[in-house]
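Just so you know, the protein sequences line up as chains A and B, in that order.
For the first sequence, my numbering begins at 19 and goes up steadily by one.
For the second sequence, my numbering begins at 19 and goes up steadily by one.
These are computed hints drawn from the structure, not numbers from a lab.
Any given hint could turn out to be false.
Copies of the same chain are indistinguishable here, so a pair counts whether it falls within one copy or spans any two.
[What the hints assert, rightly or not] In silico lysine-lysine, DSBU-like type, Cα no more than 30 Å apart, as pairs:
| id | residue 1 | residue 2 |
| --- | --- | --- |
| 1 | 123 | 57 |
| 2 | 102 | 245 |
| 3 | 22 | 102 |
| 4 | 57 | 245 |
| 5 | 241 | 59 |
| 6 | 170 | 59 |
| 7 | 242 | 57 |
| 8 | 192 | 57 |
| 9 | 59 | 242 |
| 10 | 22 | 192 |
| 11 | 241 | 57 |
| 12 | 170 | 256 |
2 protein chains.
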Amino acid sequence: MRYKCIVAYDGTNFHGFQVQGELRTVQSEIEAVLLIITKTKTRIHASGRTDTGVHANGQVFHFDTDIIMPPENMQNAINSRLPKDIYIRNSEHVNDDFHSRFSAKSKVYRYLIDLGVYNPLLINYRYYYHYPVNLEQMIIASECLIGEHDFKAFTKNHHLTNSTRTIYSLDIIKSGNLITITFHGDGFMHNMVRIIVAMLLEVARGKITPSDFNNILESKNRKKAPKLAPPNGLYLEKVIY
Amino acid sequence: MRYKCIVAYDGTNFHGFQVQGELRTVQSEIEAVLLIITKTKTRIHASGRTDTGVHANGQVFHFDTDIIMPPENMQNAINSRLPKDIYIRNSEHVNDDFHSRFSAKSKVYRYLIDLGVYNPLLINYRYYYHYPVNLEQMIIASECLIGEHDFKAFTKNHHLTNSTRTIYSLDIIKSGNLITITFHGDGFMHNMVRIIVAMLLEVARGKITPSDFNNILESKNRKKAPKLAPPNGLYLEKVIY
Chain A
19 MRYKCIVAYD
29 GTNFHGFQVQ
39 GELRTVQSEI
49 EAVLLIITKT
59 KTRIHASGRT
69 DTGVHANGQV
79 FHFDTDIIMP
89 PENMQNAINS
99 RLPKDIYIRN
109 SEHVNDDFHS
119 RFSAKSKVYR
129 YLIDLGVYNP
139 LLINYRYYYH
149 YPVNLEQMII
159 ASECLIGEHD
169 FKAFTKNHHL
179 TNSTRTIYSL
189 DIIKSGNLIT
199 ITFHGDGFMH
209 NMVRIIVAML
219 LEVARGKITP
229 SDFNNILESK
239 NRKKAPKLAP
249 PNGLYLEKVI
259 Y
Chain B
19 MRYKCIVAYD
29 GTNFHGFQVQ
39 GELRTVQSEI
49 EAVLLIITKT
59 KTRIHASGRT
69 DTGVHANGQV
79 FHFDTDIIMP
89 PENMQNAINS
99 RLPKDIYIRN
109 SEHVNDDFHS
119 RFSAKSKVYR
129 YLIDLGVYNP
139 LLINYRYYYH
149 YPVNLEQMII
159 ASECLIGEHD
169 FKAFTKNHHL
179 TNSTRTIYSL
189 DIIKSGNLIT
199 ITFHGDGFMH
209 NMVRIIVAML
219 LEVARGKITP
229 SDFNNILESK
239 NRKKAPKLAP
249 PNGLYLEKVI
259 Y
């Protein structure tokens, strides 16, 4: 029986999603719970990893087990044993041809930038940015990203054979002191969202122009995009199948 | 020279405000920084303690030092050395007759109750409550608290010679799934806000009536008010002088 789960977590106290030896990760916490419930080592497969400090409102994973029960019962059984910074939002039975990673059609990521006074209660949940921001320039620069492009300049991973991705939409909205950037695309490479955000902020600050930003994209050279926004502003919102 | 500071902190990773041996507390973190800046042991005096897990947006403390500098410089010097979960919002020079605790005229506390779906990203910042809530009954019950009363039934501290306090206002506001209770009073005893919130929720849930709640207040007997709301929903908002 294959179960699909939607999971939310506060990335602050995890060394990312994926198992890494003895370090505390989201995957290792969930698998430790599944070991108790299924009484056998049960591996979970996620839509992708998230880095240390990155949050999720709608990460997706699946796993196979001989234990057959209504999905709500499985969800409750897992949630009752999980630490408080992970929560299964939804669970359902799926066919064997469903795969969290390979069946994913697109993903939505969100990045929060706060231009206001530093608040120690929110520091783990947004990027405090204290330079003047020209939002119009930032939006103009972002427009070149829409559509299918080789995003090699904006990824940490240089071993990928294919760094072409499609960004369906990229919305930059400012409400009070909070800037929310929402990315919807068919896939995002390692650090891609955080590099794009950091370089868009270079435009916002006036360090580079929208045209420079476009040239960086076209250069396909990560050295032209050396910045990386911090992980704590980033949320994996949703995986679409 | 006496400095008055307004400080915000995320109470999650502190064993409360007050120094407790080797445990990580807000006071010990600030005093460790002042030791570096003033090069001598410098004690701070707060408006009052907060318990483990309780947050502050506007706690106040003062300290005396021979180091004379503009208050903004002192603020920056402290902030640049503080861990990210504490932040000095404001600093000013005050006269020697100012005392954070004894000069305080009143305090504002806020308590957040979330009736919505559990969110692991917010668990440290509000109380998730999953029983049906009758807001009207809760508001009716709360009205008996306004004014000067002996709040002995609602405090953990039974050694106080005087448990009479005045609550100037108590506002209960619901917005979406979030209930915000704001207390303004001349002083609050140990656990007083958290016991009142827990007992108001007993009314909201229909376990006791507003009239029972009033009887508990009048009984001056803590045994009649055995509940305690968790610390993570509580914020010290403001100290008024």
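Quick rundown of the hints versus the structure:
For a Cα distance limit of 30 Å, the shortest separation of residue 123 from residue 57 qualifies neither inside one copy, at 33 Å, nor across copies, at 59 Å. With identical chains, the CA atoms of residue 102 and residue 245 are at most 30 Å apart between copies only, with a shortest distance of 22 Å across copies and 33 Å within one. In this assembly of identical chains, the alpha carbons of residue 22 and residue 102 lie at most 30 Å apart only when taken from the same copy (20 Å versus 37 Å across copies). In this homomeric assembly, residue 57 and residue 245 never come within 30 Å of each other (Cα to Cα): the closest approach is 45 Å inside a single copy and 38 Å across copies.
Taking the shortest alpha-carbon separations for residue 241 and residue 59, neither the intra-copy value of 42 Å nor the inter-copy value of 48 Å comes in at or below 30 Å. Taking identical chains as interchangeable, the C-alpha atoms of residue 170 and residue 59 are never at most 30 Å apart, the minima being 37 Å within one chain and 54 Å between chains. Proximity of residue 242 and residue 57 under a CA criterion of 30 Å is satisfied in neither setting, with 50 Å inside one chain copy and 45 Å between copies. Taking CA atoms no more than 30 Å apart as the test, residue 192 paired with residue 57 passes in neither setting, with 49 Å inside one copy and 44 Å between copies.
Neither within a single protomer nor between protomers do residue 59 and residue 242 lie at most 30 Å apart by alpha-carbon distance, with minima of 44 Å and 49 Å respectively. Within a single copy, residue 22 and residue 192 get their C-alpha atoms no closer than 34 Å, and across copies no closer than 34 Å, so neither meets the 30 Å cut-off. For the identical chains of this complex, residue 241 and residue 57 are neighbours neither inside a copy (48 Å) nor across copies (44 Å), given an alpha-carbon limit of 30 Å. In the homo-oligomer, the alpha carbons of residue 170 and residue 256 lie at most 30 Å apart inside one protomer (24 Å), although the nearest pairing across protomers, at 50 Å, exceeds that limit.
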